[in-house]
Amino acid sequence: MLQLNGLTKVYNTGDKALSDVTLSIPKGQVVALIGPSGAGKSTLIRCVNRLVEPTSGSAVLDDVNITTLGSGRLRKMRRRMGMIFQEYALVERLTVMENVLSGRLGYVGFWRSFLRKFPQSDVDEAYRLLDRVGLLAMADKRADELSGGQRQRVGICRALIQDPSLLLVDEPTASLDPKTSRQIMRLICELCEERGLAAIINIHDVALAQMFVERVIGLETGKVVFDGGPTELTPEVLTQIYGEEDWEATIEKVEDEDEEAKA
Amino acid sequence: MSVALDSKLGTAWKKPPFISSRRVRIGFLIVALLYLFLATLGTKGLANWLAVFGIVEEGFKFGRIDRFFSGIDVNWSRIERGLARGMQFIEGFMNPDFTSRLDDIKQGMYESVVMTVASTVVGIGISIPIALGAARNIAPLPVYLFCRFVITVSRALNELIVAIILVAILGFGPLAGFITLSFATIGFLAKLLAEEIEDMNKVQAEAVQSTGASWLQRINFGVQPQVMPRLIGLSMYRLDINFRESAVLGLVGAGGIGATLNTAFDRYEFGTVAAILLIIIATVMVLEYLSGIIRARIK
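For the protein sequence lines, the chains are G and F, in the order given.
Each residue of the first sequence is one higher than the last, beginning at 3 in our numbering.
Each residue of the second sequence is one higher than the last, beginning at 6 in our numbering.
It should be emphasised that the hints constitute simulated quantities derived from the structure, not laboratory data.
Don't be surprised by glycine CBs; every beta carbon is placed ideally from N, CA and C.
Do not take every clue at face value.
[Stated by the list, open to error] Computed, partial: chain G to chain F, Cβ under 7 Å:
no., residue
1, Asn51
2, Arg81
3, Phe87
4, Ala91
5, Phe116
6, Pro232
[Stated by the list, open to error] If you want the ones that stay clear, here's a sample from chain F, every Cβ over 10 Å from chain G, calculated:
no., residue
7, Gly130
8, Ile170
9, Ile174
10, Val213
11, Leu221
12, Phe226
13, Leu256
14, Ser296
15, Arg302
Given only the sequences and the hints, what does the whole structure look like? Please build it.
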C-alpha cells in the first residue's frame, strides 16, 4: 500500500506545485486524481517514483520510504511502480517488443539488455501481455507504426511487465478519441483488478473517471480538496475543484453513459 | 463593440520593428552604410576624393583612424600578371595529366583514404562519450563543463594550426594528419551530437528511467534510438570533410594526397595538379552519393 505524508514540492521558480499532500491508498485500489491543469497532478505521481524530487514529506510504498532512498535502492524500488504516460512515451524507433522488454531493465544487467538477450521468462511474459492487449502480431513492428490506442496498449504492457504493485498513470487518454479512451481506461482497470494492483490515474475527463474508478481525489493548487466515491462528485464539489461552471451536463452525461455501458 | 476595438478598426497594421525608436533605427542604418563606404574606399581613397572637392589638401593623412579604415587596396597591375598565370592553370585543367605521376598520385590517395577512414572512426569513438557528457540533460554539471571545454578547445584550434604543430613534433607524414583529423572530428561531432541529445524527446528517456533502468540502460534504450539517424548522418558528413581536409593538410606536410598536390604545384606541373583536383572532386561526389543512400535507408 502507498502512504503519502505531507508531500510538498516547490519548484526552483518558487511555484508551489504540491502542498502538504497526505493520503493513503490501500492495496488494489484504483484512484482517479482530478483537478484543473497545473493543479499538481503530474507532479504528485512523479514525486512518488521521484522523476521529480519532492521538497519535503515522504512517500512510503510497502513500508519502504521512497523519498530517502539512494540511487541504487531507488532503482530497485522503481521496479515496483509501473508508469503509463500521456503521450505514450514509447521509444519510437524501437520495436514494440523492445519497448515492452524495456520494462524489465531494472531486473537485467547492462550487457544482457544491450545485446537484447532478455531471459526467456521475460520474453514469454512480454508475448503473454501483448496477446492480452491484442497486439501479439505487432511484436516486431516499430512503435511509431502503431496508432494512438495501440501505442498506449504497448505502454500498458511495458508498465505491467515490471511486475509492479502500483501503477502511476498520467493522463492515459488525453491524446485518444472518446471510444479508444474508454477502451484504454477499461483495460487499465481490468488489469488492475486481475493483478490486484493499486493505481493512481490522473485524468481530465471527470465523466470517464466516474465510470471506472472506486475513489476520486480532487486536487486544486496542490492541495487535496476532495476525497470520496465517484457518486459524491456533486456540482458543488466540481465548482470547488475547477471553479464556477455549469456542471449538471457533465454529471448527467455520466449517468447516461453508465446505463449505456451496462446495456 | 468596445471602445478599444473601435479605436483599432480601420487602422493599418504593421509588424512591430525590432528596434522601436525610429531615430536609433535610422541612425544604425546610416552608420552601417557609411562604414561600408569608408571601408571599401579606404582613407587614402577618401582623402583623394575629398581633395577633388578642395576640402583637404592633396596627400592628406587621417592619422590614427587610418587603421580602422585601411580599405581593400586593389592592385590592378598585379592582377594583370596573375591572370596570365591563372590561364596557365586553366589550360592545365583542359589537359589533366593522370599518367606521368601516377605512382605518386596512387600513393597519395592511398595515404589520404587510410588517414580519412582511420581518423573518422577514432574521432567518432572519442566523440560519442564526450557528446554524452556535454549534453546538459543527461550529464552532471562538472562533467558537462569538462566535456564542453574539450569541445571548445578542439573547435578553437584550426586543423591547419594543429597539423603544423604536430608535423613539427612527429615529422612529415600521414600520422600527423591522422591525429589532427581525429582531434578536429571531436569538436565537430561531439558538439552537434550533444545538441541533438539536448533536443531529444525527454519523456521517452524518462519512461525508460521510470522502469528502474540504470544510467547506461537509459542511454541505450531511451537516448540512442532517438539520436542514431543524426549520428550516422553526421558521421558520413564528417568522413566527407576529413577527406577534403586531408588534401589541405598535405600542404603543411601532414601527408596524403595534399602532399602530392603540393609537390605538383612546386614543380609547376599544372596537368598533374588538375588530375589530382579532379580525383578529389570525384571522390567527394562518390561520398556524397553514398551518404545520401545511407541516410535514406535509416529514418
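Here is what the structure says about each hint:
no. : hint   : result
1   : Asn51  : holds, 6 Å
2   : Arg81  : holds, 4 Å
3   : Phe87  : holds, 6 Å
4   : Ala91  : holds, 4 Å
5   : Phe116 : holds, 6 Å
6   : Pro232 : violated, 28 Å
7   : Gly130 : holds, 17 Å
8   : Ile170 : holds, 39 Å
9   : Ile174 : holds, 39 Å
10  : Val213 : violated, 6 Å
11  : Leu221 : violated, 5 Å
12  : Phe226 : violated, 5 Å
13  : Leu256 : holds, 42 Å
14  : Ser296 : holds, 20 Å
15  : Arg302 : holds, 13 Å
When the structure is compared with the earlier hints, violations turn up for hints 6, 10, 11 and 12 and for no others.
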